[in-house]
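K.L.:
This is what each chain is made of:
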Amino acid sequence: MTNELLINIAKKIRARIIETSHIAEAPHLGSCLSCVDILIALYWNVLRIDPGNCHSPERDRFILSKGHAAPALFQVLAERLFFDPKLLEYFGQDGSLFGEHPLAHGVDGVEAATGSLGHGLPIGVGLALGSRIRGINNGIYVLLSDGECNEGSVWEAAMFSAAQKLENLTVIIDFNKWQATGRSEEVMALSPLIDKWISFGWDAREVDGHDITAVTELLLLPKDDSKKPRVLIAHTVKGKGVSFMEDDNNWHYRIPTKQEVIAAKKELGLIKEDHAERVC
Amino acid sequence: MRNAFAEEIAIAASIDERVVLLSGDIGNKLFDPFKSIAANRIYNCGVAEANMTGVAAGLGMMGYRPFTYSITPFVTVRCLEQIRVDVCYHNLPVTIVGTGAGLSYAELGPTHHSCDDIGILRMLPNISIVCPCDAIEAKAAIWAALRQEGPVYIRLGKKGEPRIHDEIPTFMIGKSITIREGSDACILSTGNVMPIALDVADGLIPSGIMARVESFHTVKPLDEELLKYLFENFQTVVTVEEHSLIGGLGSAVAEWVIDYAKGAKARLYRFGTQDKFLPFISGQAFAREYYGLRSEKIIRTILNELN
Chain V
129 MTNELLINIA
139 KKIRARIIET
149 SHIAEAPHLG
159 SCLSCVDILI
169 ALYWNVLRID
179 PGNCHSPERD
189 RFILSKGHAA
199 PALFQVLAER
209 LFFDPKLLEY
219 FGQDGSLFGE
229 HPLAHGVDGV
239 EAATGSLGHG
249 LPIGVGLALG
259 SRIRGINNGI
269 YVLLSDGECN
279 EGSVWEAAMF
289 SAAQKLENLT
299 VIIDFNKWQA
309 TGRSEEVMAL
319 SPLIDKWISF
329 GWDAREVDGH
339 DITAVTELLL
349 LPKDDSKKPR
359 VLIAHTVKGK
369 GVSFMEDDNN
379 WHYRIPTKQE
389 VIAAKKELGL
399 IKEDHAERVC
Chain A
13 MRNAFAEEIA
23 IAASIDERVV
33 LLSGDIGNKL
43 FDPFKSIAAN
53 RIYNCGVAEA
63 NMTGVAAGLG
73 MMGYRPFTYS
83 ITPFVTVRCL
93 EQIRVDVCYH
103 NLPVTIVGTG
113 AGLSYAELGP
123 THHSCDDIGI
133 LRMLPNISIV
143 CPCDAIEAKA
153 AIWAALRQEG
163 PVYIRLGKKG
173 EPRIHDEIPT
183 FMIGKSITIR
193 EGSDACILST
203 GNVMPIALDV
213 ADGLIPSGIM
223 ARVESFHTVK
233 PLDEELLKYL
243 FENFQTVVTV
253 EEHSLIGGLG
263 SAVAEWVIDY
273 AKGAKARLYR
283 FGTQDKFLPF
293 ISGQAFAREY
303 YGLRSEKIIR
313 TILNELN
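Going down the list, the protein sequences come from chains V and A. For my numbering, count along the first sequence from 1 and bump the result up by 128. For my numbering, count along the second sequence from 1 and bump the result up by 12.
Next comes chain A alone, as it looks inside the complex (with noise of 0.2 Å):
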């Protein structure tokens, strides 16, 4: 996803002169394309987060459409008071950009982990959260975040990823994206864990089970109408995320169908991470299977509820 970020947002600069880059002294050479288009809008800001959502605001102030770029940890939490007044409370139209959503670098350990950013940033005024499932998402998010008047998080994972979409799905900030048709159950997805919904659904089937799958990218604003729609008919809904199971896409359908789904039917599942962080070192596979993001478990739940 990474990779298909840096292409597309040169692409993007060379369209919308608004269009500002600032990194955090990181992806030197994944950026050489910008640079050749337009050396005067891309900065590395050095190791300094908290100064370069600063910066950002001023050039939204001034204009601009930044976008700022780091590891997710150090783009989002590290600099969170700037995100909140700079950004949010002034509601400039900046965009955010972590790379490495949940255990993408589990190998790093927890410092490099994101498995809080979702629900920390969902907190806050004003701004759109966007989970992209692959790299083609992740180019088509660049573009609805320049339609969006106000701050955007993007959460990227980081390189890659299986290729979901054959070609580019309409993409719109808060209108989740049916990637796999079916009544039996449904599978909500957001960002880099929608091989294991795949999976889900897959395994599903030789017991005559037909899931549907969606690629929930925003986890706000909600896909209300969608919600409504699924929890009237469907028997099970399902959230899957590489996130803390505190403030993430579960939880936040969770308050949606306490607060708005009267008379819902469908009985809601949550698989993300747990409330710990990562005591060993490990890739990220063997981290997802630590935190039980694993398609036999859900699979196993799906097929518990329905029997």
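So that you can see chain V by itself, here it is in the shape it has in the complex (with noise of 0.2 Å):
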């Protein structure tokens, strides 16, 4: 597919987002648009996975260790058809599967529960050491938020991968710069951020977060003969794509109103002046 229609895909989805925020009054917006590109780059460039075959043992894993970004990996999972896309129409709702961070059971493509930081990668590690002494070459793929590395968990299984030399383990980081409270740089002096990884066994590398092709480079990027597991440090905007939105924490848990998700939508390309009134 083109990055043209990509781009196009990505904004239709951060549509989506903001609009399930305002009806299902679902928090951490800012956390959810940062990580869309990444996720399109996964899902449509990267993952070997097939949602008609979503158990197949020969598929990539994606786990979504920021677990509060459950509303943008649904939207991603239902363009994708993993599962009939009105089912996100009940979102939030009594009885729903899809709510703020992903249930353990019953969604197509959703391989592990998150929510709790930290747990993520030490999951990953674990699907991508069974890869290995199974002998299929599984790609797994891990997305963590900046304010996640403040886990200790993740400084763990960053050493225990590099250990272990897991070459088919990948982590991105949504670096957008923020977590829930205060600048991820001065809660936790998370700086230099590439450094840590490097020095902790990993091939690094940065990247603009929003951009689906080098994103995509770079994931897909052959491995040298190191074995190193590999980690991008996905430069991102917080609110990306909304420009009422970027880099203000306070959409981390602020809940759009129906005028703000008209702006969004009309700022996305998405909605005319005329067509205004009957978005929500």
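In short, the hints are calculated from the structure, not lab data. It is possible that part of the hints are untrue.
In silico SDA-like links for lysine to any residue, alpha-carbon gap of 20 Å or less [what the hints assert, rightly or not]:
| # | chain 1 | residue 1 | chain 2 | residue 2 |
| --- | --- | --- | --- | --- |
| 1 | A | Lys187 | A | Tyr55 |
| 2 | A | Lys47 | V | Ala291 |
| 3 | V | Lys293 | A | Tyr55 |
Just a sample of chain V residues kept apart from chain A, beta carbon distances all over 12 Å, derived [to be verified]:
| # | residue |
| --- | --- |
| 4 | Pro185 |
| 5 | Gly243 |
| 6 | Val253 |
| 7 | Ala256 |
| 8 | Glu284 |
| 9 | His380 |
| 10 | Leu396 |
Here the structure is a predicted model, which is why all the values come from computation and not from measurement. Quick reminder that beta carbons are idealized off the backbone N, C-alpha and C, glycines included.
Fit the two chains together into the complex; they arrive one by one in their own frames, and the hints show the way.
P.N.:
Printed below as a string of structure tokens:
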């Protein structure tokens, strides 16, 4: 698929995430918007997956370790037809399988329940190890947030993966420079993030996390002989795609109003002025 | 028990290719037989139990039967949230093996004691909790865990516990094993305190009391069928465990009695550790004395009840 088409899909998905946030009063909008382009690169260009055969042992695995971006993941899975997109109309409702964090069972395409930070990478390490023991070359991809790198278990997993030379493991860090209540740099002295991963024995690279082509190229870049696990430090903007949400951490928890949804969709080029009132 | 575990897990690995052993930088030489059988299915995960537990979950998702192994508090409460979310919530066939049940490592201080693990893990959905009474049961518990579809916690003692079983018993998770028959009182013992339970039974004989002794190895799920029979047919039921009276076997049985034992005839007495950390260094025997885990005390209680 051309990059232009993917960019349009990204816009559509961003709009749906914003609408869902409004309707279901679901927070973490900024965190969802910052990782959309990474998810697009993975689900359209990189992952060897078949939505019609989503339990195949040969499939690549993706784990959304920053589970609070589940609304973004669900829109991506729906667009790839892992399930009927109409199911997302029940997002957040009593009895629904779709909510603020992915559940362990019941949704095709979701590999693991996340939401408590620092869990996805160790699970991904287990998947990568299991893949190697079995002799199947599954690619294992785990998306972390920068705030998540506060968790000690992330660094436990980082050291163990390097020791085990898990070259089939790739981490992407959605480095949007914010965590729930402050700059990720200030809360826990995150810098220099890339040097931390290099010193932990990883093949660490930086990328513009909103450049789908660049992210794809690095995710598909052949590994060298070092057998190091790979990490992409993806520089992103929290709330990406909507001018009044970008880099404003209020949108970690804020719910958009009807007017804000309309304004956002206009910016994303999804509605024209005269259709604005029919949106919500 | 830990040597028995090491021996048997190597045998299990040779028969069942799904078995993967993860250890938290412990038991190095102990697992040499395993290494020689399946070097690509044993991993020293370092002193990083949270990661080790998450890795076990990932291996479980890939169809393996991982066992995590370390000293009890480190492989249980240290990484509790990983057990809760990664293992139990996903309902994966991961077996958590803790060595050093209760006061087994008394001399190492309360950092290494484990009198709260049963209570804490028992609250987590999907997990079975198994406390073998000797090396034979420890071996059998491995095979029982491999027959389970969900998570299992195996609570081992250390090494050199007296052998209770002469031969390998039929061992099923959730089914207690009768060690000694008797009809005057029943002692439910879980895990490494079985020698105390047998001392109690022996000590009652001169008074003409024949006590039934059960290796009530599974604290969750409870053997409800047996409990129903015991509470309807015995006058006295006693629980003994090297674990806090809060949350352990005695607690689980008491909860069951309140909820289900309508018309129960038996009076329940519970023996375990009190709600306090050991305030000094001691060996296991002295620590048991401190907590009142003494056969004389249990014998006195039973005699008072029956007279």
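K.L.:
State for each hint whether it applies.
P.N.:
Structure-based check of all given hints:
no.	hint	result
1	A/Lys187 <-> A/Tyr55	violated, 32 Å
2	A/Lys47 <-> V/Ala291	holds, 18 Å
3	V/Lys293 <-> A/Tyr55	holds, 13 Å
4	Pro185	violated, 8 Å
5	Gly243	violated, 8 Å
6	Val253	violated, 5 Å
7	Ala256	violated, 8 Å
8	Glu284	violated, 4 Å
9	His380	holds, 22 Å
10	Leu396	holds, 35 Å
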